[in-house]
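Chains as they are written, first to last, in this note's numbering: chain X, 1 to 112; chain V, 113 to 228.
It is worth saying that the hints were derived from the structure and are not from the lab.
Hints may contain errors.
[Claimed, not checked] Straight-line distance between alpha carbons at most 27 Å, and here's what the computed DSS-like set of lysine-lysine pairs gives: (1) X:K42 - V:K195; (2) X:K42 - V:K183; (3) V:K121 - X:K42.
[Stated by the list, open to error] Covered stretches of chain V, as calculated for chain X (at least 3 residues, CB under 8 Å): (4) 119–129; (5) 189–195.
[To be verified] Pair by pair, the computed Cβ-Cβ distance ranges are: (6) V:E127 - X:S12: 19 to 29 Å; (7) V:Q129 - X:Y51: 38 to 48 Å; (8) X:L11 - V:N196: 27 to 37 Å.
All values reported here derive from a predicted model rather than from experimental measurement.
Just so you know, even glycine gets a beta-carbon here, dropped at the ideal spot from N, CA and C.
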Amino acid sequence: QKEVEQNSGPLSVPEGAIASLNCTYSDRVSQSFFWYRQYSGKSPELIMSIYSNGDKEDGRFTAQLNKASQYVSLLIRDSQPSDSATYLCAVSSTGTASKLTFGTGTRLQVTL
Amino acid sequence: DGGITQSPKYLFRKEGQNVTLSCEQNLNHDAMYWYRQDPGQGLRLIYYSQIVNDFQKGDIAEGYSVSREKKESFPLTVTSAQKNPTAFYLCASRGTSGTFSYNEQFFGPGTRLTVL
């Protein structure tokens with residue numbers, strides 16, 4: 001059974017701080033990793049994808065992947081109240097028609 | 113505008129009824145997916161289709177049916193056999209060409225189904 005694990009939170013960070021969200025996965029052959037942001041009552045929005053070990057930066061967001069440790073994380077710098085949402089980690093393996101396995105999400109609260 | 117549309121936004125079903133949820137995309141994507149989301153849970157895959165006239169069961173296909181007669185459309189029918197259909201239903205699509213980015217899935221706005 002392929003699993004993706006996330007701490008459900010809530011993770012509370014003050015405005016302007018760095019938010020760190022973590023995700024572990026069980027399938028060693030996983031190749032593609034994604035972070036989605038989901039506001040309450042809305043559909044998930046893709047914010048980051050990462051395919052190789054290391055860091056990938058896009059604006060205030062940095063995704064980090066460590067395949068040896070089966071660990072992927074998302075850092076949000078200069079957190080804003082508008083970043084308050086649930087962040088879903090998703091993992092895909094090759095040869096699986098790119099089916100995604102989702103974690104249950106981490107709820108982030110950015111406080112003023 | 114390119115994107116994925118789902119209708120209706122809200123749907124109410126009586127016991128014993130079949131209902132059909134619409135999903136349309138104009139992104140020229142080959143693959144389409146249906147997920148279900150329950151409160152506090154991750155998304156679970158119901159059905160997916162990689163090409164027209166072909167589709168496969170996902171992890172929780174029982175009580176659901178789909179068709180893929182056109183590239184742009186992938187409707188989902190929730191049948192009376194689905195015992196607990198109240199959930200948020202999400203349709204997604206994915207391109208199938210190019211680099212690794214072809215694995216990226218993009219979601220429609222969702223349909224919230226409630227059984228009365």
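- Are at least 3 residues of the segment 189–195 of chain V within less than 8 Å of chain X when you compare beta carbons? Three-residue rule not met by the segment 189–195 of chain V, so violated; n is 0.
- Query: Is the straight-line distance between the alpha-carbon of K42 (chain X) and that of K183 (chain V) 27 Å or less?
  - Reply: holds (25 Å)
- Query: Taking the CB of E127 (chain V) and the CB of S12 (chain X), does the distance hold inside 19 to 29 Å?
  - Reply: violated (42 Å)
- Query: Between Q129 (chain V) and Y51 (chain X), does the beta-carbon spacing fit 38 to 48 Å?
  - Reply: holds (43 Å)
- Query: Does the alpha-carbon distance linking K121 (chain V) and K42 (chain X) stay inside the 27 Å limit?
  - Reply: Holds. K121 (chain V) to K42 (chain X) sits at ~11 Å (cutoff 27 Å).
- Count the residues of the segment 119–129 of chain V with a beta-carbon closer than 8 Å to any beta-carbon of chain X: does the count reach three? violated (count 0)
- Task: Evaluate the given range 27 to 37 Å for the C-beta pair formed by L11 (chain X) and N196 (chain V).
- Result: At roughly 30 Å between Cβ atoms, N196 (chain V) and L11 (chain X) fall inside 27 to 37 Å, so the hint holds.
- Query: Taking only the CA atoms, is the gap from K42 (chain X) to K195 (chain V) under or equal to 27 Å?
  - Reply: Holds, at roughly 25 Å.
Consistency with the previously given hints fails for numbers 4, 5, 6, ordered from lowest to highest.
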